[in-house]
Every structure is written in structure tokens, then in C-alpha cells.
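Listed in order, the protein sequences are those of chains Z and F. Reminder that position 244 of the first sequence reads as 244 in our numbering, one-by-one numbering, no gaps. Heads up: take any position in the second sequence, counting from 1, add 1000, and you land on our numbering.
Since the hints were made in silico from the structure, they are not lab data. A couple of the hints might just be wrong.
[What the hints assert, rightly or not] Here are the computed lysine to aspartate or glutamate pairs in the EDC-like style, where the Cα-Cα straight-line distance is at most 20 Å:
{"no.": "1", "chain 1": "F", "residue 1": "1199", "chain 2": "F", "residue 2": "1168"}
{"no.": "2", "chain 1": "Z", "residue 1": "120", "chain 2": "Z", "residue 2": "42"}
{"no.": "3", "chain 1": "Z", "residue 1": "162", "chain 2": "Z", "residue 2": "141"}
{"no.": "4", "chain 1": "F", "residue 1": "1199", "chain 2": "F", "residue 2": "1244"}
{"no.": "5", "chain 1": "F", "residue 1": "1199", "chain 2": "F", "residue 2": "1011"}
{"no.": "6", "chain 1": "F", "residue 1": "1199", "chain 2": "F", "residue 2": "1098"}
{"no.": "7", "chain 1": "F", "residue 1": "1120", "chain 2": "F", "residue 2": "1234"}
{"no.": "8", "chain 1": "Z", "residue 1": "162", "chain 2": "F", "residue 2": "1222"}
{"no.": "9", "chain 1": "F", "residue 1": "1162", "chain 2": "Z", "residue 2": "125"}
{"no.": "10", "chain 1": "Z", "residue 1": "120", "chain 2": "Z", "residue 2": "11"}
{"no.": "11", "chain 1": "Z", "residue 1": "162", "chain 2": "Z", "residue 2": "125"}
{"no.": "12", "chain 1": "Z", "residue 1": "162", "chain 2": "F", "residue 2": "1168"}
{"no.": "13", "chain 1": "F", "residue 1": "1162", "chain 2": "Z", "residue 2": "11"}
{"no.": "14", "chain 1": "F", "residue 1": "1199", "chain 2": "Z", "residue 2": "244"}
{"no.": "15", "chain 1": "F", "residue 1": "1199", "chain 2": "F", "residue 2": "1096"}
{"no.": "16", "chain 1": "Z", "residue 1": "199", "chain 2": "Z", "residue 2": "125"}
{"no.": "17", "chain 1": "Z", "residue 1": "199", "chain 2": "F", "residue 2": "1244"}
{"no.": "18", "chain 1": "Z", "residue 1": "199", "chain 2": "Z", "residue 2": "141"}
Number of protein chains: 2
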Amino acid sequence: MTYCVAMNLADGLVFVSDSRTNAGVDHIATFRKLYRFGIPGERLIVLQTAGNLATSQAVVSLLRHRLAADGVNLNNVPSMFAAARLVGDTLREVVEHDASPSMNSGIDMSSSFLVGGQIKGDVPELYNLYPQGNFISATVDTPYFQIGESKYGKPILDRALKHATGLEQALRCALISFDSTIRSNLSVGMPLDVLVYRKDSLELPAGYRVAEGDAYYEGIREQWCSNLRRMLVELPSAPALYLE
Amino acid sequence: MTYCVAMNLADGLVFVSDSRTNAGVDHIATFRKLYRFGIPGERLIVLQTAGNLATSQAVVSLLRHRLAADGVNLNNVPSMFAAARLVGDTLREVVEHDASPSMNSGIDMSSSFLVGGQIKGDVPELYNLYPQGNFISATVDTPYFQIGESKYGKPILDRALKHATGLEQALRCALISFDSTIRSNLSVGMPLDVLVYRKDSLELPAGYRVAEGDAYYEGIREQWCSNLRRMLVELPSAPALYLE
């Protein structure tokens, strides 16, 4: 499985992905699921993937190879909407190419994508691409999307994340959401890939890889866990009626 | 969907169930999913159900009707293990009776159960029955089980619940786990049915129904949510490296 979250906030974009892939529990590996495209000063486009790894990688490889060729590519699409369409079209192309009723029966070849970024002259946008290749856009009401193993880490986002949340604060919220998921589900694992983009900077952030044992991440994990336990102790006691 | 959690702790047993059932999003109703059996001073047996409501209700109805008849029933089984077996056997009987390849194609007739309680002379036990009717037992290492929509509410249990946690504290933990689930998933809903059993009391607790707007539940929900937000603000800031 996989867990990716992306946020489109007042101040910019936040992306965090895990890097565990598994085919059964006895075939676990580390693969990056966060890909950065763009031209400094002109555009940043970030892709995150979940689902069939062969499909996801083929889509990203085709998108990369085509950057140098003539025709529509992520370096010349006129809008983030067009970028999301291009990713969706490439996804359809890959699935149609690889589909083989005689060889793939029972195998799920599908992939989901999050596509976010900013192209000069436009505001930052964030899209959630379904395995069918069509997509929805994040809004002020719903400023974040998740793909993959999303349930464990959703409550903290629903409780604490707003469109107005600052980037650094939103990143902390995302990291806690990952900790919740990693603690409860083996199929999501370290390291985490983080990328934070400041609105209108049109820079290509290097991003950061949070490795196992990372001091900051371990610190907030422990603090969060011990504070949660303390919060639970400090809640008022249940009325006697509850216990009778 | 459904969400039920049950805990077998040093001091006794805690059960909490939601009461929402749905067949699609346009057919929502309230049904109790927590059932109490037993003889005061001699035994308490609690069942919680998730899955196909017709199957769950038929199992509980048969178990109830047979209390008065000759033969093995929940009032005379010699152990909690035998009680769990009886529930599993009744589940198989119902599914086999209702199974009809021509009428049920594509319909999931299966149900899961949590079966917990204490019979005089034994310690309290808790079992998680799979849809196949076989089951596993809670232990000191893993003192809780969930059935139904379990993912949203699992992180708080994994972080804060231990076998030594007191009953009242464990109940709070369960209620927060329900709040996390209800906030993020429409298919789990109020009211909640709560039952707390003190080890060796051999009483049949009345249990408590937490209705929408319940003052205590609303109070801890709000306190939890605002404290979580504060905790996030109070975490140390992410290093600059994370944001570059």
C-alpha cells in the first residue's frame, strides 16, 4: 500500500508521501512516490502516486521522456488543469497498453495520482486523479487530498487542517497524520518524502527525505504520543451512569 | 457500515458500538448492535455485530429463542470459549440457511461478532469471530478488538490503550476513537451503546446509550478537538531543511 497527502493552502502547497511498496507481506521495498517537474521561475508540478507500481512508474517515465520531445508535455502545458489532463491521458495510455485479459486477470493495474503545482500567472492548484484518469480539484472547503491508505490519518486532518493553516503548521499536521498511519498499518513505512512550496515563489524546492530515526520527526512523534495520553487522562471522568 | 470496539483489560471489559446501518447512502437507519445475555451472579455474555444486518439479527434471535429450549445455549455453555463456538456455529447455520446462489449473487451475507464476558469461576474473555465462524482471543499484548469501520479510530487505541488501563479511562479512549470515526466517516453514527463490566462482579450492567447532544460526550469531543489543535501549535517548528 501507500499513503500520500497533498494540501492546497492560502500560503502554498504541502506534499508528503511514504515510500513503502508491498506485494504481499513478504515482498516489501522502498520506492519514491513523489516526483517533481518544472522550470525554475516558470512552473512547478508535483506528482504523487498510489496503486500499481508498474503503472505509476510507467506514467512518470513517459511524462519524463516526453519533456525533451515535441508535443504536449509537463514543461509546456498552459495550465495545471492541462497538466492533470496530461497525467490522466498518460495513465489511460499505460493501462490500455498493459491490459491483457489473458495475462492480468485478477490483478489490479490501476493507479491514483495527486497532481499539484503552480504555473506562472495562475494560482496554485491541486488535483486528485482517479484510476479512470478523470479528476477533482481541491478547494477552500476541502483543501487536502489523500491517496492510498488514507483512513488512519484522516481524523487529525479533519480536526486540525484549514485552508488558512500556515505551511509549517500544515506540514506538522501531515507528519502526525503519517505517524498515525505508520503506527497502525504495516503497509505504510519510512522514509517520508516532503515537499513544501511557497505560493508565487515559482521555485523548485529540493524537498526533504525524513529517514528512520530523523531527530525532528522522532521528537514530535514522542511528544505527540505522550501528550495524547496526558490529554486523555485530563479529560473529565465519565458520569457514573456510563459505567452502570 | 458499523464500528464496534471491545476491550479485555486488567479490571474488566469495555464495549462500545455505534448504531448506524446503511444500505447505500440513501437508506440509513438506527439499529442496536450490542446485545447482552447472562444470569446475574453467574455469567455475563455480550455480543457486538458488524456486517449483514439480516444475518446478525438472525443469529442473535436464534441465540435468544434457544435460551428457553433444551440443548446448548448461552445460559448453560460451560466457558466463554464454548459461548464463542456457539455463536460461530449459529452464524454458520444462518448463512447456510439463507445462502442461495440464484438469489444472493453479489450480496455479502457475512457478519462479524465480538463476544466477551465472564462465567463464574473463569476470568473474563473476549473473542473476535470472523465471518467464517472461527475466532481469536484478546490477550495482554492485544487487549482490544474492533469490527466494522475500524481504521479511523485505531491510532488512538494503539497509542493510548494498555491492558493495565483503568475501565473509566479506557471508556474515554473508546469514545475518542468513536469521535475520530464519526467525524471522518458518514457510515458510522450516533447514538452509541456503551457497556462496562467490572471483573468478577458477575453483574449484568444496564449499559448506557450516548445520544446525539449528550452533554458529557459533546464536552469531551470539543475539549479533545481544541486540545489537539493546541498540541499541534505547541509542537516544535519543523527545521528549515524540511521546507526548502
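Tested hints:
A C-alpha spacing of about 13 Å is found between residue 1199 of chain F and residue 1168 of chain F, which places the hinted pair at or below 20 Å, so the restraint holds. At most 20 Å may separate the alpha-carbon atoms for a hinted pair to count; residue 120 of chain Z and residue 42 of chain Z meet this at roughly 5 Å. The hinted pair formed by residue 162 of chain Z and residue 141 of chain Z meets the criterion: a straight-line CA distance of about 8 Å does not exceed 20 Å. Taking the CA atoms of residue 1199 of chain F and residue 1244 of chain F, the gap is near 55 Å; set against the 20 Å cutoff, the hint is violated.
This hinted pair checks out: residue 1199 of chain F and residue 1011 of chain F have alpha carbons roughly 5 Å apart, not beyond 20 Å. Of the pairs offered as hints, the one joining residue 1199 of chain F and residue 1098 of chain F is violated, with about 38 Å between alpha carbons and a cut-off of 20 Å exceeded. Only pairs whose Cα atoms come within 20 Å are accepted, and residue 1120 of chain F paired with residue 1234 of chain F is rejected, the gap being roughly 49 Å. Between the alpha carbons of residue 162 of chain Z and residue 1222 of chain F the distance comes to roughly 17 Å, so the proposed pair stays at or under 20 Å and holds.
For the suggested pair residue 1162 of chain F and residue 125 of chain Z, the alpha carbons sit about 43 Å apart, so the restraint of at most 20 Å is broken. Among the hinted pairs, residue 120 of chain Z with residue 11 of chain Z is consistent with the structure: their alpha-carbon atoms are about 16 Å apart, no more than 20 Å. Under the criterion of a C-alpha separation no larger than 20 Å, the hint pairing residue 162 of chain Z with residue 125 of chain Z is consistent with the structure, at around 16 Å. Using a Cα cut-off of 20 Å, the hinted pair residue 162 of chain Z and residue 1168 of chain F is violated, with the two alpha carbons roughly 33 Å apart.
Distance restraint check for residue 1162 of chain F and residue 11 of chain Z: the Cα-Cα separation of roughly 41 Å exceeds the 20 Å cut-off, and the hinted pair is therefore not satisfied. As the CA atoms of residue 1199 of chain F and residue 244 of chain Z are separated by approximately 13 Å, the hinted pair is consistent with the 20 Å bound. A threshold of 20 Å between alpha carbons decides the hint, and for residue 1199 of chain F with residue 1096 of chain F the separation of about 36 Å lies outside it, so the pair is violated. Among the hinted pairs, residue 199 of chain Z with residue 125 of chain Z is consistent with the structure: their alpha-carbon atoms are about 10 Å apart, no more than 20 Å.
Between residue 199 of chain Z and residue 1244 of chain F, the direct Cα distance comes to roughly 13 Å. Compliance with the 20 Å bound is thereby established for this hinted pair. Simply put, residue 199 of chain Z and residue 141 of chain Z have alpha-carbon atoms about 18 Å apart, close enough for the 20 Å limit, and the pair holds.
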